[in-house]
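From first to last, the protein sequence lines are chains Z and U. With my numbering, letter number 284 in the first sequence gets 284, and the count goes up by one each step, no holes. With my numbering, letter number 121 in the second sequence gets 121, and the count goes up by one each step, no holes.
Mixed in with the good hints there might be a few duds.
Said to hold, decoys possible - A partial selection of chain Z residues facing chain U, derived with a Cβ cut-off under 10 Å:
{"hint": "1", "residue": "T75"}
{"hint": "2", "residue": "A93"}
{"hint": "3", "residue": "L95"}
{"hint": "4", "residue": "G97"}
{"hint": "5", "residue": "Y101"}
{"hint": "6", "residue": "R104"}
{"hint": "7", "residue": "F111"}
{"hint": "8", "residue": "L117"}
{"hint": "9", "residue": "T118"}
{"hint": "10", "residue": "D119"}
{"hint": "11", "residue": "A178"}
{"hint": "12", "residue": "L187"}
{"hint": "13", "residue": "P249"}
{"hint": "14", "residue": "A253"}
Hints are computed from structural coordinates only; laboratory data are not their basis. Don't be surprised by glycine CBs; every beta carbon is placed ideally from N, CA and C.
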Amino acid sequence: MSGSGTEAPRMSGSEIQDAPSAPADDVVIDVRDVHYAIDGRPIFAGLDICVRRGLITAVMGPSGTGKTTLLRLITGQLFADRGQVLVFGRDIATLSGSEIYAARKRMGMLFQNGALLTDISVFDNVAFPVREHTDLPESVIRKLVLTKLEAVGLRGAADLMPAELSGGMARRVALARAIVMDPEVLLYDEPFVGLDPISLGVILRLIKHMNQALGITSVVVSHDVQELATIADQSYLLSGGCVVASGTPRELASSDAETVHQFMTGSAEGPVKFHYPAPDYASQLLGEQEQ
Amino acid sequence: MSNGVRRGAALEGVRRFGVTSIFFVRLLAACLPALARPRLIVAQIFNAGGRSLIIIMLSGLFTGMVLGLLGQSVLERFGAETALGTLAALALLKELGPVLTALLFAGRAGTALTSEIGLMRATDQLTAMEVMAVDPMSYVAAPRFLGGIIAMPLLAAIFDVIGLYGAQLIGVQLLGVDRGTFWSQMQSAVGMHDVTEGIVKSLVFGVVVSLIAVNEGYQSEPTAEGVGLATTRTVVAASVLTLLFDYVLTAAVM
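Using the sequences provided together with the hints, build the complete structure.
Next comes the structure, spelled out in structure tokens:
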């Protein structure tokens, strides 16, 4: 894991499933040989990811592999030290502030904790981007917001404050807010964490529904392998700062590669170290006893 | 304290000054678009000013009462208790009103601003705004900054008025200073420049306290401990800088 400074072994070329080739204009987000470090600690070392229009792309990996950082690179909140992040065909690092904002208006993002504005109601949260970016009359905004809230099953909660919502409800409101401007791309940051089975099922169906009914390109960053396998068209497995495997969830599940197998089966033993680097266990315990 | 530690502390101080200065410039740039959202600024005037009203009024009343009590007692020794109105008015308008209001504002509204923005940072609300292509500087920081600057002179004015009432309550109604003399002496001795000096001071204090409160919240570590530390820094830095600027402004006027 890059977080501990140790690089997981890269798989040989035969082990890596190449993403299906696609015409260039079909590619919405193209991450090319990205290197990124925080305080000298490498997070990415040659990351390549291609997100194609109309598909659900899953980015998986153990905690600390930089999945959220990847979303921040895509939305232009961070810039790569080396390499390119092409969003809608343009390198996000070369865009001006207003151009980055224009690109962000074409994207929606669902945050892990919802990130709802706590001082305004559910209705106002969903209406927030519409009021900020359009001059639509309030009557139209009301219909638009209620439509989106109905889509996530929370039309009845429009007048509640975010503090009155459960975790799952907050995430559904955040999803309604993310889609209210009809984005071309939706980015999901760990959408399944801490959800009860009902909320999880609803979120899963909503992601699939957004993709199929509205044609929204989706990037789902998560480590919930089983959930992702049911909805993803294309998957990338990150480890050691780069993609160690890619393909459909079914291909990844049947892979013999050690890293992929360890991640898909959730084993503590394997190339990805579960234990943080430490001195020898026995000698440390005995040493302390002698002291 | 070793040289290394001293040098490290000095460097950290310089770094903080630099970060705050850059933030101040960005904040000023964000004020223009924020003016297009007057509703947000009015809401922040209420949050910072309206919610500090009770503490300001109570403090003003007690400060004025102390002025009336001490002023009468001291001036009586020189047979000059008729100057009580002038003493109370000048002390409140030029010094106590702006300074005490700023200190109370830093403790009440400044800490609320810092912790609110810090928690918004910790819960990704500011990041969410950025991703929604809404600049949090002009939506969150600038309205709070402008709200603080507008609220401060208004609060100082209320502090002064209530303080004068407190001085009159003790000096005139309790200790027997002549009511006509109290008010007429004040009218003849207090000029518009004294009022202006107080307003300028409270405007400057408004800028200083609001800038520190908003900056500390915006730059705070996104953790419970980080927000707590930022809130403490707001009170300490805003109080010390208020007193420093008070001296500078008083010396400049004299």
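A quick look at each hint next to the structure:
no.	hint	verdict
1	T75	5 Å, holds
2	A93	16 Å, violated
3	L95	12 Å, violated
4	G97	9 Å, holds
5	Y101	4 Å, holds
6	R104	4 Å, holds
7	F111	5 Å, holds
8	L117	6 Å, holds
9	T118	7 Å, holds
10	D119	8 Å, holds
11	A178	9 Å, holds
12	L187	8 Å, holds
13	P249	27 Å, violated
14	A253	32 Å, violated
Violated hints, listed in ascending order, are 2, 3, 13, 14; each of the other numbered hints is respected by the structure.
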